[in-house]
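A.B. asks: Chains as they are written, first to last, in our numbering: chain A, 1 to 310; chain B, 1 to 298; chain C, 1 to 341.
Any given hint might turn out to be false.
In the SDA-like style, the derived pairs of lysine to any residue whose C-alpha atoms are separated by at most 20 Å in a straight line are [as the list claims (entries may be wrong)]:
hint	chain 1	residue 1	chain 2	residue 2
1	A	Lys182	B	Lys23
2	B	Lys114	C	Pro163
3	C	Lys259	C	Leu88
4	A	Lys65	A	Asp138
5	B	Lys257	B	Val144
6	B	Lys23	C	Pro100
7	C	Lys147	B	Leu42
8	C	Lys259	C	Pro163
9	C	Lys28	B	Leu42
10	B	Lys23	A	Arg174
Rather than coming from a laboratory, the hints here were simulated on the basis of the structure.
Spelled out from the first residue to the last, the chains are:
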Amino acid sequence: MTPDGSTSEVTDVDPESRSELDRQEQGLNGPGTEPAARRVTGPTIAAAPTKADARVEAKPGLGVKLEGLRAFYGQAEQVKGLDLEFRANEVTAIIGPSGCGKSTMVRCINRMHEEIPGARAEGRVLLDDLNVYDPAVDVVAVRRAVGMVFQKPNPFPTMSIFDNVAAGLRLSSRGRGDMRGKVETALRGAGLWSEVAERLDEPGAGLSGGQQQRLCIARSLAVDPEVILMDEPCSALDPVATLKIEELIDELKRRVTIVIVTHNMQQAARVADRTAFMLDGELVEIGATQEIFTNPSDSRTEEYVTGKFG
Amino acid sequence: MSANATSSDRLARFALSPARRRKDRFARAGVLAATAIALVPLALIVYYLLRKGLGAWSTSFFTTDPTGNTFFGGSSIGGIKSAILGTIEIVALASAIAVPIGIGVAVWLVEYGKSSWFAQTVRFFVDVLTGVPSIVFGLFVYIVLVVGTGSTYAGYKGSIALALLMLPVVIRSAEVILLLVPAALRESALALGAPRWRVIFNIVLPTALPGMVTGVLLAVARAAGETAPLLFTADATLKTNFNLGGFMNSLPVQIYKDVTSPTTAVVNRAWGAALTLVVMILLLNLVARLISRRSRLA
Amino acid sequence: MEAASLPGGDRGILSRSPLARLPDRALKYGLTALAALILALIVYFFVRLVGQARPAFAKEGVFGFVFGNDWNVSAEHFGALPLLLGTLITSALALLIGVPVAVATAIYATELCPLRLRAPLTVLVELLAAVPSVVYGLWGIFFLAPKLQGSEQWVADRLSFIPFIGGGLVTIPNYFITGLVLAIMILPIVSAISREVMSTVPADHKEAALGLGATRWEMIRIAVLPYCRSGIVGGAMLGLGRAIGETIAVTILIGDAPKLGDHLFAQGYSLAAVIANEFGEAQGVHRSALFAAGLVLFVLTLLVNGAARLLVLRAARGTSSAAGKQTSGPTTLLADATAGA
């Protein structure tokens, strides 16, 4: 749902995956169930310029399915058997109190979890129908297909803006053709092009926090992943920067499937199509964002969402 | 990648190319190989020291002085007693000079000088001292104490040269340790009304002691192995003596002199002396490490 | 514990008597004087050294001394160029061989090594620093040099078309073997500093690289090494400083040819070696020339070490802001504990 008002931008997406959305849009679920919260991303301060920048070419995405995912740090089980689906070309938010395992779960999707000494995971993570944990699958390929944006913006400090975006491309010979074009596309997709087009050679670390995070998004976009994981991407940013990125997410889902971990329930309400609530390493409930926030099925969800704990 | 056709096709574009995989393997193997190569000299040195050095060890080796006889072999060449004792004496005196001065300067830097321009200058000069080649220290001492006073070599002059060498190491390591003493500790003592000097002597120094001992032992280990500063300050005797005002022998100098000898027996003695010296240094290092583990600071 | 002394006469209630303040005063001024003494000492030595070197400079001129190409004791002509070049050649060799190996060890220890092996590996590399330089000389001349002579000759023959490297007869003491042993001697210090700088790379950057789908080596290449560049260079320069000042091992291994060796595998000389060898019997101008050589050596190490510390300190400071600790200490401490000649 964009301020332009048009839903035409989502027409190329698999209709089945947005049936829920459509229903809500058209108020078919009953009065008062329109995702009013999501209309908050209306005309906002810097909305116009970023909107013009942030154009991604739509593409049918891939969904991710977790089957019986368990994640361990040594002996301690942090994620206790998760079955969860992230639908293609949708934004799914993961909410829950600190320590519930949301970040751990997300890091299992691109197999970053196992980088920590002593950490391991069991179960299946299916990208479309390919199990990411299949021994025949190369972890490097998985990470290229599933991009990640981290909590603290982390552009490579020794590289220029251009080099940062190109970093992933340069790793593979297949990615090298038309570097400039690809970098520009990625920067446009991240809504950063107009701000940095004149200074691509400047160090990436010289940008503001919000710009750095968008740079990291551009960096992930450049390798054209199927999924982008975002682990509390706005928690270190000011509200204006946060808003810009939320608008971005709305655009990006036309091309990639997005999973966003967030502490901020209002953010989930603003950007996510579906929201999952996790508690203590388990999935409590997942559903349309609007449902989760206004009419959750589980009492624990209701307590969390109304602020009784967390 | 396995699994069915559609996802493989779609995801195939992400696959790791064989070239990249090869480069990764190759680079990692290369790094491992280089690390192994780095350890080879150590193994070889240890092996050689043991093989040739142990052969030279005997009771008479440790209990007789070298005779200066470099042409005939056997027992006529003597052992290395004066060298061992000389090293111990010279290094002991050097430590007695360098340690108090070094710790004193470190205390000043941390407690009084802090970041004043004067303290920064002192730190800079200490840095300068660190980089000075040890032979230049020998020259310094020679100029001041040998040429200047018209007298000849003496054990204590060698000690002074070694002390100069040890000084920057002691100062630096002591400073680091003293900085690690929590400010809160000092503050609570001061808040109780203790004067500065008591805080330093009764609180700060005892806490920092293990760490400083480690630093001192490492400096001592280094000084024990130095040859160049002793060449023209302490040199020129073979006899054991306990008079630091006179000539004194030392292990590194003895080894150095024996290295160039044409007599095999003498060279073997050099190996034996080398093994002795390395054992002494390793023991100092070991003790230093053990003490640092007991330190509550670092 | 000293309490505030009671008032006497018209002093305030909480003031201390001058006597009670004496130890504090004494300590403060005493230690300040000590620190000033260090400064004065260094300046004094430098001045005296220059003084002793002056006759040689007077005879040859400063330029003539440093760049004159003939060290001829009997003719009383002292041009230090062969010595200077010998020092520089062996040190350059030490860097060329030693730094890549040292950096590789550091990479292995911090990024690739199984955790349990990390500490033992570090200790082993550090052990190389415990071996005194005279033992390196001994081992080099009696074990390494003869063992390698055959291979050195092979290389010299194969590369005879390259001037200065090939084409000659390999002697046992020569530039190459000196450089090789120096490389081994500087390994611990360069490795230690590299290791320390590498271990401070924030996990953030490494994760960013891995998250993009980089292989382990690619991650090291784009996230670790660029970050550590100035620290590693600083470490390498400290190694260089050590190699330049190294005396005894070089004296034993380089030979004592008073002119520039014809090729890499020939004998040569170095600034430090000439002092060690000739000082004992030197008289008059000869002796002064040796002091002058010492001065040149001193200035050289000063420059190299000064630049090195700037680099290492800058690298350490840049990474210490997160840690909040003064890290100029530990990094330079590492350098101190293992540097020397």
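A.B. asks: Quick one: which hint numbers does this structure break? Sort them smallest to largest.
C.D. replies: Violated hints: 1, 2, 5, 9; rest satisfied.
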